[in-house]
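Colleague: Position chain R relative to chain W; hints supplied.
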Amino acid sequence: MSLLHDITPEWFQDSTRIRAALFGAVLAVLLLDILRRLLGESLAPALLTGYLWNGLVFGLVIGLAGVGLSLTYDLLGFANFAHGDYISISAFIGWGSTYLVAGLGEFSPLNLFFLGVGDTVFPRDVGISVTNTPGAVIFGLVVAAVGGATVALLLDRFVYQSIRKTGAITLLIASIGVAFTLRFLIVFLYTQNSFGLTVGAWTYALSLPGGAVNISAPDLMLVTVAVASMVSVHLLLTRTKLGKAMRAMSANRDLARVTGIPSERVITATWLLGGALAGLAGFMIALFQGTINYQLGWTLLLLVFAGVIMGGIGSVYGAIAGGVLIGLVTRVSQIWIPASFAEAVGFAVMIAILLTRPSGIFGSDAL
Amino acid sequence: MSGPTDPIGRRLPDWVATYWEQDLIKILGTLAVVYALYLFVGLLLGYDLFGQLNSLRRLTFLIVVYGIAALVVNLHWGYSGLFNIGVVGFMAVGVYTATILSRPVAGQNPTGSLPGFGVPLPLAVIAGVLTAAAAGYVAALPSLRLRDDYFAIVTLAFAEILRITFKSSELQEVTVFGWTFGTGGGRGIRTFSNPVRDFFETSGQPLVTAVETVGVDGRVVPDWSFVFVLLVILIGTYWLIARLSASPFGRVLKGIRDDEEATQSLAKHTSSFKIRAFVIGCAILGLLGIVWQGASSGYVTPDRFIPELTFFIWIAVIVGGAGSNTGTVVGTILFVGLILEGPGQVRRVVEEFVGLSGSVPTFPDALGALVGGNIDPLVLYLFDQTSALRVILTGLVLIWLLKRRPQGLFGNRQEIASSVDLKRLVAERRENKSGAQVQGGDGD
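Chains as they are written, first to last, in my numbering: chain W, 1 to 367; chain R, 1 to 444.
It is possible that part of the hints are untrue.
Stated by the list, open to error - Computed spacing ranges between beta-carbons, pair by pair:
1) W:227 / R:427: 56 to 64 angstroms
2) W:127 / R:186: 31 to 39 angstroms
3) W:299 / R:264: 32 to 40 angstroms
4) W:42 / R:186: 39 to 47 angstroms
5) W:200 / R:170: 24 to 32 angstroms
These are computed hints drawn from the structure, not numbers from a lab. These numbers were taken from a predicted model, which means no experiment stands behind them. Every residue gets a Cβ at the ideal spot worked out from N, C-alpha and C, and that includes glycine.
Just chain W, same shape as in the assembly (with noise of 0.2 angstroms):
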């Protein structure tokens, strides 16, 4: 009778159970091979060790961002497109402040903060690095989370607060909206040039059988400061009557507000705690690349969404736990394609868990 059934056999249609036997087969099979090829010593272990010390600080931030976005998506039910873009924002202004706090006094103050864009600064004459100036770099990181928090509480003030009554889906194509709008302010302001950023920092170098494997202070004050953030919100969450409130807002909104929680406070509280969490990721990506442009946030975005979903809306540990994953998939995958398509991966991986168990692995079967 209809196309959809005629094609796809019937215990793919019904059988969640089948579909997620399917992907866990998948996944042995792949194991093994990776056992298969540390044994024939076709890939060495300081390799794999590289892949998974990379995934895991790339994961950090994926799930650091993911906290944010996961909240935001749940307590006001729509998916926020413009949070890669708070992510990208933020990050400039927090390098900028890096730059400013460093070079103040040798370079013009405007030059800085733009990060020399017009090639007026170079990173090697501000010579910024996690351990040649601490200082700076936590100072930019600050800066980068009160941006983010303030960008994130002025955009729902002035684009989301009057229209957050007409429906997901009104939000989300607004969402697009001011996505572009600060992508493209970001070019305007910037350009579309990249940015390196930082000289080389300490780095510890872990010899393993087949070579070694780069530890950085970068990496190091990464993996740190995502995972204090974490423990911050669980804090935050489990133990102050705002995250009761968050908690209770995210389980049954009606009920939350029946029972006299102040909703619009809490709104503007989740807006500030996702958007100062974007600024931290942002910061954080940008150190760990090494590099900044317009972009930065963007190319993150649908990996952020892959581990949010992946852990299931609404579950801040699910989105930890699911960027983690996701950062481990784009790295580990280069054992077997090609580097370029590391991304694609990540959102095939998503694209594959949506289709299993759309609610993510760690999150309730009611959808």
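Modeller: Below, chain R alone, put in the same frame as chain W:
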């Protein structure tokens, strides 16, 4: 009979408003206004006849190609409720398939260009359209179980996966079973020669010569002819979608859009309807990719298929109003004429008359000068950044529309399902009760 409810119609004098009710008048009227603006700008800039014709041709070309894509988005979103933000992906599939198939076989083509399969162009075009349709099927088939926002994320991810694939250096040139072909990677690939232009270089040449004897550059003939061919595709798309939406098939689609469960309870297999609507749209997008990105420039690169393009197409639909084909076309004319091409036109006029020269490469330079009391560098910088400004402008227009008039100019996503317009009946009753206090509805 109440008057028009759209913001343009309401502002017109009564005798014009009655004509305005007709769809064709809406489209042609808007087009005439935008044309007049461009002719006026051309006059200010001192264009000759060729210059004017060329400026209008560029405008018309963009309106037509954006119009076709916008009509597809209207079919997907306006009629079927499918939130497709991976529009560019299906265009890319169409043009890349047609190109790779139609490139000459290795050894038979000039050195240095990428070989292909040597399939005749018409067959390659058909294959491109079919592949785009198949890609639509692959994307939609499993995704239909998902919510709107997930569907959006999947289509976007799908388009990005395709772009990454076409861009990857690994597929730049590959040899499989003795056949050498490839995507050209980030550098792109030469497509195929434009049949319309070829015609005027051979058997159509006398026409070009005839025009040149009148004293007009002969290039207008092939260029405008190509635009007319695209126009035929636009009209065909419009006709097809209008027929679809008026047919029982289209009524089911609208039913799905408004309330999928209710439609299911009427024993309609909604997934099948949605898939068919999606696949038809994707086939049209494939064809559009071939004629727009392939035939018009003779070269295609993955960077043509960035998400910005999808965003622009969506804006055209939202300006005009999802759920209305006429609105979509009018929205496209306004979007292309005013938002996409407008800033460039303003820039040209200002440059002509203000006489600023030079260029300011960065924003801090402009800002520094502004602090020093000199505004010229900022203006120059704004000119240099027209392409960024128009995306910003587009975003702001979208946000403004969603706040002020989410249904667009002629939005019609909520239609009256019953034979009696209950809303109007209620409004009339209320009016009778409370005198003449009630305002005319905004047509929500």
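Colleague: Could you run down the list of hints and mark each one as holding or not?
Modeller: Right, here's what the structure says about each hint:
{"no.": "1", "hint": "W:227 / R:427: 56 to 64 angstroms", "in the structure": "holds, 60 angstroms"}
{"no.": "2", "hint": "W:127 / R:186: 31 to 39 angstroms", "in the structure": "holds, 33 angstroms"}
{"no.": "3", "hint": "W:299 / R:264: 32 to 40 angstroms", "in the structure": "holds, 39 angstroms"}
{"no.": "4", "hint": "W:42 / R:186: 39 to 47 angstroms", "in the structure": "violated, 30 angstroms"}
{"no.": "5", "hint": "W:200 / R:170: 24 to 32 angstroms", "in the structure": "holds, 30 angstroms"}
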